[in-house]
Amino acid sequence: MNEFAVQHPILAVALPKIVVLLFVLLTALAYLTWFERKVVAHIQARWGPYRVGPHGLLQPLADGVKFLFKEDVTPAGADKFAYFLAPFLALSLAITSIAVIPFGPKEFSVFGQSTPLSITNLNIGLLVLFAITSMGVYGVALAGWSSNSKYPLLGGLRSSAQMVSYELALTMSVVGVILMAGTFNLSEIVNAQQGFHWGFVPRWNLIGWPFPQVLGFLLFFTSAVAETNRAPFDLAEAESELVAGFHTEYASFKFAMFFMAEYASMITVSCLATILFFGGWLSPFPQTPIWAWTHYIPAAAFAAAGLALIVHGVRYITMFGRVVLPVLGLALCGLGVLCGQPGMLDFVQGPFWFLLKIAIFLFIYVWVRGTLPRFRYDQLMGFGWKLLLPLSIVNVVLTSLAIVWTQQ
Amino acid sequence: MTTVQTPTGAEKTMVLNMGPQHPSTHGVLRVLLELDGENVMKADVDIGYLHTGIEKTAEALTYSQAITITDRMDYLAPLSNNLAYCLAVEKLLELEVPKRAQYIRVLLTELTRIGSHLVWLGTHAIDLGAMSVFLYCFREREELLKIFEMVSGQRMMTSYFRIGGLALEPPAGWTERVEDVVRTFPSRFDEYEDLLTKNRIWLARTQGVGMLSAEDAIGLGVSGPSLRGSGVDYDVRKYFPYSSYDEFDFEVPVRSEGDCYARYMCRVAEMRESIKIVKQALGKIPAEGPIKADAPGIVAPQREKMKTEMEALIYHFKIYTEGFAPPAGEVYQRVESPRGELGCFVASDGSPKPYRMRMRTPSFVNLQALQKMVEGHLIADVIASIGTLDIVLGEIDR
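Chains as they are written, first to last, in numbering that gives the first Met the number 0: chain A, 0 to 407; chain B, 0 to 397.
To be clear, the hints were calculated from the coordinates, so they are not data collected in a lab. Here the structure is a predicted model, which is why all the values come from computation and not from measurement. Every residue gets a Cβ at the ideal spot worked out from N, C-alpha and C, and that includes glycine. You may find that some hints are simply not true.
Derived DSS-like pairs (lysine-lysine); straight-line CA-CA distance at most 30 Å [to be verified]: (1) A/K149 to B/K98; (2) A/K79 to B/K304; (3) B/K317 to B/K283; (4) B/K197 to A/K385; (5) B/K11 to B/K145; (6) B/K371 to A/K149; (7) B/K278 to B/K90; (8) B/K41 to B/K371; (9) B/K145 to B/K98; (10) B/K41 to A/K149.
Just a few of them, taken from the derived set where beta-carbon distance is under 7 Å, the chain A residues facing chain B [stated by the list, open to error]: (11) G320; (12) F374; (13) Y376.
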């Protein structure tokens, strides 16, 4: 087997990684919809999904089945090729961009081949990522145009204009980070953020030296929300105005693909924000012996969540829930114990902090959606071109000056 | 497609059919928009998709029976409709309603006003993308509906007001419920205002949008908060007091800007004023006293009397079989519904059924202003303008 792996590294190493990541990602997408519905519901004084499985945990499955079995209607006069291409393009591009994201510092071995915790570690990772995400606009524009319907057309127009203009601010806002790290490689950008101010404040780019990228981060996150067409910038699918925007005429699984594409890009953007501004997989605690106990945080968090789930689960209202929830709780406890093993202790640090930070960003996404009204089309464009773009250029100039000044 | 010279220099326009099935046309309104890009060049409002023939149906019903169909016109403020109709018929009959019933009517119509404004605020907010406000508003409205259910047995189609008074004695414990509302609601209104009033996006979406000048508003016959948002101080409750409104102390909020934001501020302030009126009414309502006028032959007699008095039984039979016949004549009675001036015209030919019942409904009149408000603006402003007019289609196509 080892010989085979040496001869065909792509088949033996990359392919299993891709399959595993794809599986994890698609499951995460499905449960992100559940997460969003739950969080928004609680913001709005509702319960959210509750019927399908305990706490609606099987809701994503039911949704998936429903999408598959719905009649797939193609509007008369639609440009068939473009109409079919659009959702594929949207979803495949959104998923592809996750390939360059590194999830942790450690290498692990598959069939004796040592490999990093990402599909590929490119030197121009950030550029590739932007290249892929910026192509996402084709999916939306084609969908709007090919449907041969007026609301999608307007939605497609809106989002093409929006994505193209926010792309600029998005790219400009990360230039500061690139200047500070001196590389496009995402792993190296994270590694450049190691270390602590005064021994305990992490030197993440957000509060980094020589120029804290607070402005850069705010610009990045705002543009990223706009780039992913999420509230309050969800003009392309503004339900109250354009019915469902560019995907009005899409039904069944093609609609689901747009839906998944949106959530996949949310995840990508959250990964990117974490990597660029929040130190990626780096723990927020110093790596000195006094702080060694923080290595047990993942284990403790899983175990505590598991215990809470067991305590809550045994009193759940349905029989099914009384079985499923404690089992899930036990699994989480088991995961906690596993994370506490000496062999695993170091390995789980990176992914744990990384995923935690992503989860926080995803929560903010949903929180914003539950709070803010929607921009108007012209205000949105004005906001992007007249405020975000100039500010991001100012950020670049200031960062460059600070770097030049500190180097002298 | 018409060939015209548009502001952006294009030669062709696109006609967009907004509605009757559209998420934010508040029912089944259809607006034909002529668009140049996203700029609205022309807006044609098409109504009639919810025609119920309520006015015509009333001619086939006795005066008492017709109350139930007035509920269904403005289904967000059924008690205001009841009140307009009952007051009109009472005017025709020259009937004096007991003070206790008048105060309860005032209290309930003010609660209706709050409930209706809550629905307006929620739907207006969700139209502009603020989802949560919608659900908060409906949470609060639920409390009001519970009160209506308590007194009348129905959440929405209450038909609680009767000619000459009220249908039933309000149940024990209902004032506590109302007191709860009076106590908790002001802080809830603060909550909505926290989310919206100073929100930059909300300001950008509503300020300077859907402009309606005072002249235009008066010229088009606009009334209610939509008129007061344009700086015209006109409220039927103040200028033509009915049902003892002159005994209550309240302000009429007026804003002069004439945009969606002004109307939003007016309505929110109105909800607070309504709470004030409800509070006063609670203090005024006597614990004991009749809830129906003493008018044999018009007001149904009490059950107990029917078992002991021959006349009561006869009146009961006559009221519920053939109804009562008011003298021939015409009356017009206006009330301030949550949407504006709601007028009820009743013509009697001396028979037990109205010869003609007509409602001057504020939504229908206010909707005329839409064209003025949106032409030359963007699609998103059309949504904001429809929302800010607070129309109810059931009332437009009665």
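Structure-based check of each hint:
1. Proposed proximity of A/K149 and B/K98 is contradicted: the alpha carbons are some 58 Å apart, above 30 Å.
2. Restraint check for A/K79 and B/K304: not satisfied, since their Cα atoms lie roughly 77 Å apart, outside the 30 Å limit.
3. Restraint check for B/K317 and B/K283: not satisfied, since their Cα atoms lie roughly 35 Å apart, outside the 30 Å limit.
4. Restraint check for B/K197 and A/K385: satisfied, since their Cα atoms lie roughly 22 Å apart, inside the 30 Å limit.
5. Only pairs whose Cα atoms come within 30 Å are accepted, and B/K11 paired with B/K145 is rejected, the gap being roughly 53 Å.
6. Distance hint between B/K371 and A/K149 is fulfilled; the C-alpha atoms sit about 24 Å from each other, no more than 30 Å.
7. In summary, the hint linking B/K278 to B/K90 is supported, as the alpha carbons are separated by about 28 Å, within the 30 Å threshold.
8. Using a Cα cut-off of 30 Å, the hinted pair B/K41 and B/K371 holds, with the two alpha carbons roughly 10 Å apart.
9. For the hint pairing B/K145 with B/K98, the CA-to-CA distance comes to about 24 Å; that is within 30 Å, so the pair holds.
10. Only pairs whose Cα atoms come within 30 Å are accepted, and B/K41 paired with A/K149 is accepted, the gap being roughly 17 Å.
11. With a cut of 7 Å, the hint placing A/G320 at the interface with chain B is violated, because the nearest CB-to-CB distance is about 25 Å.
12. Against a cut-off of 7 Å between C-beta atoms, the interface hint on A/F374 holds, since the closest Cβ of chain B lies about 6 Å away.
13. The restraint placing A/Y376 at the interface with chain B holds, with a minimum CB-CB distance near 6 Å, inside the 7 Å limit.
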